[in-house]
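Use the sequences and the hints to build the structure in full.
As they're listed, the protein sequences go chains U and S. Under the numbering used here, read the first sequence as residues 1324 to 2088, first letter to last. Under the numbering used here, read the second sequence as residues 1324 to 2088, first letter to last.
Any given hint could be a false lead.
Computed cross-link-like contacts, PhoX-like style, restricted to lysine-lysine with a CA-CA straight-line distance of at most 20 angstroms [claimed, not checked]: (1) S:Lys1643 - S:Lys1737; (2) S:Lys1585 - U:Lys1582; (3) S:Lys1454 - U:Lys1582; (4) U:Lys1911 - S:Lys1585; (5) U:Lys1585 - S:Lys1911; (6) U:Lys1914 - S:Lys1911; (7) U:Lys1382 - U:Lys1454; (8) S:Lys1345 - U:Lys1585; (9) S:Lys1423 - S:Lys1454; (10) U:Lys1585 - U:Lys1617; (11) S:Lys1582 - U:Lys1914; (12) S:Lys1643 - S:Lys1512; (13) S:Lys1903 - S:Lys1914; (14) S:Lys1342 - S:Lys1896; (15) S:Lys1582 - U:Lys1911; (16) U:Lys1585 - S:Lys1914; (17) S:Lys1726 - S:Lys1647.
These are computed hints drawn from the structure, not numbers from a lab.
There are 2 protein chains.
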Amino acid sequence: MPVTAIREEDVKDTQYLGKPRKLLEGLGKISGLTRYTGDITVPGMLHMRPLLSPYGHAKIISIDKGAAEKVPGVVAVLSAEDLVTRERTITSRSDAILAKDKVLFVGQPVVAVVAETEAAAADGLEKVVVKYEELPVISNHKKAMAADAHVIWPEGLPSSDIEEITHAAVEEQKSELEGAPSNVYKTSKYERGDIEAGFAEADVTVEQSYDLAAAYQGYMETHSVVAEPNPLDGGITLHTSTQGQFGVRNKVASILGLKQGKVRVIPMTVGGGFGSKYGTIEPLAAAVAYTINKPVRLMLSRSEDLQTTTPGPAAAINLKLGAKQDGTICAIQADITLDAGVFGFEFGGLWPLLLGSNYKVGNLLMNTTEVITNKSETGAYRAPGAPHTTFAMESSIDELARKLNMDPVEFRLKNLSETGDPMVNGQPWPSLGIRTCLEALKEHPAWTERSTGEDEGIGIAVSSWPCAFSPSASVCRLDTDGTVRVQVGSVDISGVNSSLVLVAAEVLGVNPDDVELIQGDTNMGPFAPGSGGSQVTYSVSGAVEAAAQEVRTQVLELAAEQLEARLEDLELKDGAVQVKGVPSSAIKLAKLASIAETTAGGHGPIIGEGRSAIEKNAPGTIAHLAKVAVDRDTGQVKIKQYVAIQDVGFALNPMMVEGQIHGGVVQGLGMGIFEDFGYDDNGQLTGGSFMDYAMPRATDVPNIEAILLNNPSPHGPFGARGVGEPPITAGGAVIANAIRDAVGVRVPQTPIKPPVLWKAISEQS
Amino acid sequence: MPVTAIREEDVKDTQYLGKPRKLLEGLGKISGLTRYTGDITVPGMLHMRPLLSPYGHAKIISIDKGAAEKVPGVVAVLSAEDLVTRERTITSRSDAILAKDKVLFVGQPVVAVVAETEAAAADGLEKVVVKYEELPVISNHKKAMAADAHVIWPEGLPSSDIEEITHAAVEEQKSELEGAPSNVYKTSKYERGDIEAGFAEADVTVEQSYDLAAAYQGYMETHSVVAEPNPLDGGITLHTSTQGQFGVRNKVASILGLKQGKVRVIPMTVGGGFGSKYGTIEPLAAAVAYTINKPVRLMLSRSEDLQTTTPGPAAAINLKLGAKQDGTICAIQADITLDAGVFGFEFGGLWPLLLGSNYKVGNLLMNTTEVITNKSETGAYRAPGAPHTTFAMESSIDELARKLNMDPVEFRLKNLSETGDPMVNGQPWPSLGIRTCLEALKEHPAWTERSTGEDEGIGIAVSSWPCAFSPSASVCRLDTDGTVRVQVGSVDISGVNSSLVLVAAEVLGVNPDDVELIQGDTNMGPFAPGSGGSQVTYSVSGAVEAAAQEVRTQVLELAAEQLEARLEDLELKDGAVQVKGVPSSAIKLAKLASIAETTAGGHGPIIGEGRSAIEKNAPGTIAHLAKVAVDRDTGQVKIKQYVAIQDVGFALNPMMVEGQIHGGVVQGLGMGIFEDFGYDDNGQLTGGSFMDYAMPRATDVPNIEAILLNNPSPHGPFGARGVGEPPITAGGAVIANAIRDAVGVRVPQTPIKPPVLWKAISEQS
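Structural data, given as structure tokens:
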């Protein structure tokens, strides 16, 4: 199965770090014993079902709750005006708790029915009668930008007064909009050199328009929350499936008009988030529970989840590249149009950076246009934007290499950005390993010994993700049974705890099985950023290391007294402190903890805190290769080989990183050839269930060879880089390039479903 | 109502410390919203009822579980041999999970019935048939010490391999027992000077035998626990009403044969503990849940709780005092006999120290004999021993003053121990305020302006409690809404959190309402000692102070950068840092926290840990006065006035300390004149319900004037001393002395119930 390329020399000085070790979460998840939000009950808990809008855009004429209120077991039937919340402008999907006056997208919650059982709530829901008056529906970005388009927000997109969660490290460049009201709510422009002169220099150009589908994050566990008012302090406690408890807390506090500290958010084990779980339904559950002053559970059905959460956006990219005969890229021009849903898209500013920063170029022009449509707010989906931009750029790069008759690896190597080269926004790249990844691919047998049969082809692609980073803290303490307990505020969405235990184990010389991770809620803390942007391992490891170091210091000082030895003669090994070279003169950590906790006038219990505030990001980069076989008669693509090479900086726990790569590749393939989160002209979902929305199944997925390169980042702990997002970015691009290699057609759209490919092949011949 | 004697000058430099402030726990408790262990449910939770032994001593011939197992809803019927535990010697009440072969006291659990409902468990219990063969019952210490007594443990009291919870700071002196097997399991002897010479010097002597009843701790919430096995790691989680989660964890881990870390103990709000809640029924609940691998709740009924927990012991004290005509005490001799129940009594070693250390004396002899009886193990009840020893000593002192015709205040002042004087064990008293208390009483109008009508009398008594202390730790962090969160491992049984918030508020210049206490469980930590021995405020305040100081340092450093000011020019005030004298140049703590949590390359989140390991104890001392009216015809005593003066060192939160004094005084009065935890000759409880066991009611309790003296201890934080235990110690003694003053009879026993007093009065006349 997977093979890693971790070099012996990278881990020769470590006992645990950098060496594969079991995932802590594994047993609980495969045995079904892990407790999720849906398993939580609190005394007196009620159940909520939301009534969702069936229309993409409509006025609410009336809501008749009478019949619903009479259903046995129904406790409350609430519409917007019933909710006790702060007076505010509604500016986001999560803040649009229940629709007032108008519905803006199919799936917008309109009424909440609360009952003693799920079934009674569902029964009540059927009796609610809402009368609507339909309004024109803007179902995609083309309709949104039409000259005579109905303008969804005639006074402009309402702007937020809620502090938003920062996802990525790169700041975006916005421009103010002028002119008549329209559905365009944001544009940005990046320019470098002279684009016209650039194309004038070019010997060959490639121009292509790409049509890129939206995708749903496809987590196994739908959005779920239990909201429990605390009548004692007028606050509320949430148990929820979230990627970031502090962000959810701040959002709910703002909407309810409470001090942050009155909202306690307890993050539960997350059954998949992938960017979606930053607080979409928590405000609804919280506001309802707060209003009726009773605990309420809301678990979305899959159908509700598909309709009412925040999928990734659809987009169009027009990309024109120019290169000289010697293979030097001399011009990159792009127009990006983002179909951002009804409240905009948080990450649009990233797109031009993701699209144009991987290659050196003197002349560049990038325009981004973000438009409003009658769909749920679009949100983050693992490396938001990068699968789309990589699809466009790597498809066009492939075509350009072909036009130049150059080897696609050599052509890329000639042009790839290096550390210090400017990104699209002019900022220099921090330590960048994209070239390292491609050089590793160049030497890999999948490339050096490549061969293809009839209708088979090989495609490659490279990509990068800047990776976010944030300050964080940790507390570490030594218990009297020798257990090292590490408290962090980060949510483990990806096995990160299975790396963090190794950090503490390494510092303290204890077996990782004797390290326990404690997950803090918003009250307990300590602070950590939300688990997104590939930032948690990078941001939190340093805090854990610092806290463990403080414990190490205390342990050694106490041991020096107990062993009557000098500090410099001591070493920590196998859960004990011993005099170097004298294993008989040793004292166990458990014993030291007991001494510390019982000695009057002594050291006091062994506990340390650690903080981390890294200065720079550590981009993660990849080079992927796929070999496909195309069935010309059906357009079916069979993936025969997949190699995923990734610069991970330093893999703290390679097994966890491999898992991340496997998952990311599968999701990238899904976006590339399976998944289309489409809407019809009325704004209705065309894939409103897993019967219609095609995610890859096990039989669709090839053996994935994950290769981890340790190319240390100079900025983070142990040289680590963010690893979660890069692997999702290239799946579509490598398959598109492999198809091009196999059957000679360039398909400029995602997903490349069989009918699409069949049609392209048909039109070619 | 109560008046404190806190001096203005003691609190002139503090903003919050030392000034009365509301109790954090109050609203929840009076509104019924506080959640106790009995309010906890976990998925799949079952209910347990224990079958208790009806015999004080018997062989178990057979247990027939068949009929019980057939009761609908019954899931398991377990006896000792069914339980999955470590092989071990049973050495304590808590370890005697279910009786094997023999029962040793009425109330010993024999069988556990587990069912889907409480009712089904109770139904099942009725169907269990246990056949016993009765054995001789040793129901009190006199019977135990009879020459022909049946020896309960012919091979000696089994000795523990379980680490016990240390309650008090004073180490005990044991002596090895020799000779034939008997029910005496421990004796100790303290000797100073020459006791015979001492009495030879004496001009007057007083000798008296005191018969002192056992008492039940009388908490409102019976022992309750929810035990939930964790099949993932083979461990178990307990939610429980306990005074010390770490001790319970270690006990349960030892009995189940698990690593401590596999047992997670989550301490719930405690509805009263008073020394009883250190893990009596947790091992039973844990072993049953662990055996059937299902979550189980066990809540004792009041009747079960009275029978099967660990009340304080009964005792006999023979005390002989000698004094010279000038009022100098020259000899103290005592024989203490402790009726210790079937597994012994942890705190017997303290008794001679408590009895004889308050007065200077050159010649002293104290013998203590602890004997086994067929009763539940005796345990701690708030200041274990001190109400009994104070009753004896202060009664005899009163008689001695009368014989000398001396003023009882002056006589005591002449003889009271001072800082540095030897205690019974020869160790010097640390800073001791007993004289200060009595001097304050001497000046109090209740003494200076005392007057009594017919059959009215005034009694006084002094007492001390050494107060325990242990290392502890705390974590403090600043949140982005300006809330200061303080994490501690101590259980709040007495409002201690309402003091700890003031410590953090004072250090950080924030309103105490903006300080939140976070209660750690055994996994979270940090470590703190169990809440007993009056040690928590004394032991934990320093850790909280240190953690808050670390936060203060971080806050000031960051503020200095932000305000471009020098550190020494800054002050913390009203939740902000400001340049001294320039309120316009200020930055809020909330803002600083946000900056810290978001600034790349900055300070990192604001968080600090603090540790404390005090070197010496800080005794708490009291002087109490009561005025009573005696009804000669009924023996009824009406308490007309009560003054409780206490050296509290420094009252961090005087309102909390007053509450402690009120509660302690009421319990002391209960032990003095109401409560008799008696057993008949068969070892059956004579007061097996609150219909029979008389605790004081509101109408029995006088107005209590609590006077707090700030006589700082040099060893602990802010000069604080332990305050919880001293106020319970003197209730019986002052009433006995007041009765003597009123009607001229000395009643040498507790409780002085009306029939007892009536009889004494009758015999006198």
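Ascending list of hint numbers which this structure does not respect: Hints 2, 3, 6 not satisfied by this model.
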